[in-house]
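Undergrad: Chain by chain, the residues:
There are 2 protein chains.
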Amino acid sequence: MKAPIKVTITGAAGHIGYALAFRVASGEMFGPDQPVILRLLEIPQALSSLNGVGMELEDCALPLLHDIVLTDDQAIGFRETDYAILIGAKPRSKGMERKDLITENAKIFSSQGRAINDHASGDVRVLVVGNPANTNALIAAANAPDLDRTQFTAMTRLDHNRALGQLANKTNNLVADISRMTIWGNHSMTQYPDIGNCLVKGTPALELVSRDWAIDHFIPRIQRRGAEIIEARGLSSAASAADAVVDHVHNWALGTPEGDWVSMSVASDGSYGIPEGVVFSYPVICKDGSYEIVQGLDLDEFSQSRLKASEKELLEERAIIADLL
Amino acid sequence: MKAPIKVTITGAAGHIGYALAFRVASGEMFGPDQPVILRLLEIPQALSSLNGVGMELEDCALPLLHDIVLTDDQAIGFRETDYAILIGAKPRSKGMERKDLITENAKIFSSQGRAINDHASGDVRVLVVGNPANTNALIAAANAPDLDRTQFTAMTRLDHNRALGQLANKTNNLVADISRMTIWGNHSMTQYPDIGNCLVKGTPALELVSRDWAIDHFIPRIQRRGAEIIEARGLSSAASAADAVVDHVHNWALGTPEGDWVSMSVASDGSYGIPEGVVFSYPVICKDGSYEIVQGLDLDEFSQSRLKASEKELLEERAIIADLL
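So the sequences go chain by chain: X and Z.
The opening residue of the first sequence carries number 1 in my numbering; numbering runs sequentially from there.
The opening residue of the second sequence carries number 1001 in my numbering; numbering runs sequentially from there.
Incorrect hints may appear among the rest.
[Stated by the list, open to error] Subject to a maximum C-alpha distance of 35 Å in a straight line, what follows is the list of computed DSBU-like cross-link-like pairs (lysine-lysine):
#, chain 1, residue 1, chain 2, residue 2
1, Z, LYS1312, X, LYS2
2, X, LYS2, Z, LYS1170
3, X, LYS308, X, LYS90
4, Z, LYS1094, X, LYS94
5, Z, LYS1287, Z, LYS1312
6, X, LYS170, Z, LYS1002
7, X, LYS312, X, LYS107
8, X, LYS2, Z, LYS1002
9, X, LYS2, Z, LYS1287
10, Z, LYS1201, Z, LYS1170
11, Z, LYS1170, X, LYS201
12, X, LYS287, Z, LYS1002
13, X, LYS170, X, LYS201
14, X, LYS2, X, LYS308
If you are wondering where the hints come from, they were derived from the structure by calculation, not from laboratory data.
This one's a predicted model, so the numbers in the text were calculated from it and none came from an experiment.
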């Protein structure tokens, strides 16, 4: 039998963490023959609830779940971990300014970056889900001097999957018929969901839908989808976010399908003119546990302006937490 | 590609339904090459929340999910469905007597039994999760005259999985090393979790743990596990219940592993002296979409008394709703 993969989830008693833990433990992230050990990390005041999550995981009798560690100690939570999924974050409270939200979370993610540096596997892969995810990933990476920036990513897969769902609906196709969707930029309102390279059963999407539909309906809907869900459910997206985590890590670990790519926020290497280091969502191809940014895609003036807008926002966020980098 | 399987989930916007829908849609119930159509049924006041669940399912871009139907109309919810998972039920409110709980739910499940009879596939398989699950299954079956009683089951798989987890912990083994666990009786405090036939890596469990441990610790812990979870989480079991639904239906549809069995509450055929018709949890072997009650197990005096206690409770519940049968 394969050696178990260790997966750390922070904020594991929260809505997304709760939806995620059981799917990782049931084998959806790494496949039906790969045992896992879950290391679930929470803040002290959530430990009773986390204990309940641990009991429920035990109650599932999942054959691939070889051990569960419950803790509020980062040194234990990240010990020798192979994958760190950073979900727990400070949410925006009423009247809180965006700048305060960013600095409050900067403290959390700089501390976690250091703990990952000191305790995780040297080969650890990190996915930041807690918002502002891209800048949080930048901070965590900057505080992990022994690790490579390519080991830190942020999640735009939920936006990517949402975009697939909307285009499938609009063209009356199955999501499996669509390839080469791209989310560019920041996981925020400035993100740019781009169907310019999408193929629907091999046909360019822009031969099936109009550019006006994309600009007037598709892009704003993806950008505002989170708010739409909150309005309907009275709660923010949880199960779909957890599903996107499974997809992001699954593809990173096991590769993307031939001829297709996925969207991941990764440290820019200067591709498409984005300043080096900024954590930016790109189309990427994954293979053997690594990713490569897809090169050479054409970006028209409209697209370029959208990338610039998201870049500007990310540089502003970076300026706010510059002292932590 | 295979034709999609239609799965109806009632109470789909509740905690268990929310945890379940995404796992069915991702392929965990019927396997990675089997498309599904979800028919999600809710009460009118939960339709906005259900709409949010539908949006989140769409946002997952799950390749096996071919359609989603959201409705508060039973005729639509159960139309031509292959599997009906009945989760929605009236919970016990403060000061409510057990008798009132049973009669309130009897109304819901008699109505659903009729709707399933009239609208579902003739080959439909029904799993009742909403409590009192065994008696609700009895009522639903009694109101579906065109269907066979064997098409209606109630869930004791969560108890079964909990029992596997506890025995694995106690003997320091993996759950995959344990076979032939049995839950007998009613999904209630009178259930009898029985390790008398369990094998742990081929060794009888009762050679590894004492009878006193089983009686003083194991049995009461399984019986009270639901309350233990509520105390820790402040919420009742949801993800673990959803996991048990996946397991129950997966085994019913695709079979139990060679040499092992699972626990399902099914209409008694008189096996082990239980009156015919009562929905009672038995060890069952599943094959080709059918189940058979495991015969010929030895029951000592203690075990027999436990089965009798659960039988007595089920007969009392049946007497309360006799006018609906």
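Undergrad: Compare the structure with the hints numbered earlier in the document and write down the numbers of the violated ones, lowest to highest.
TA: 1, 11 and 14
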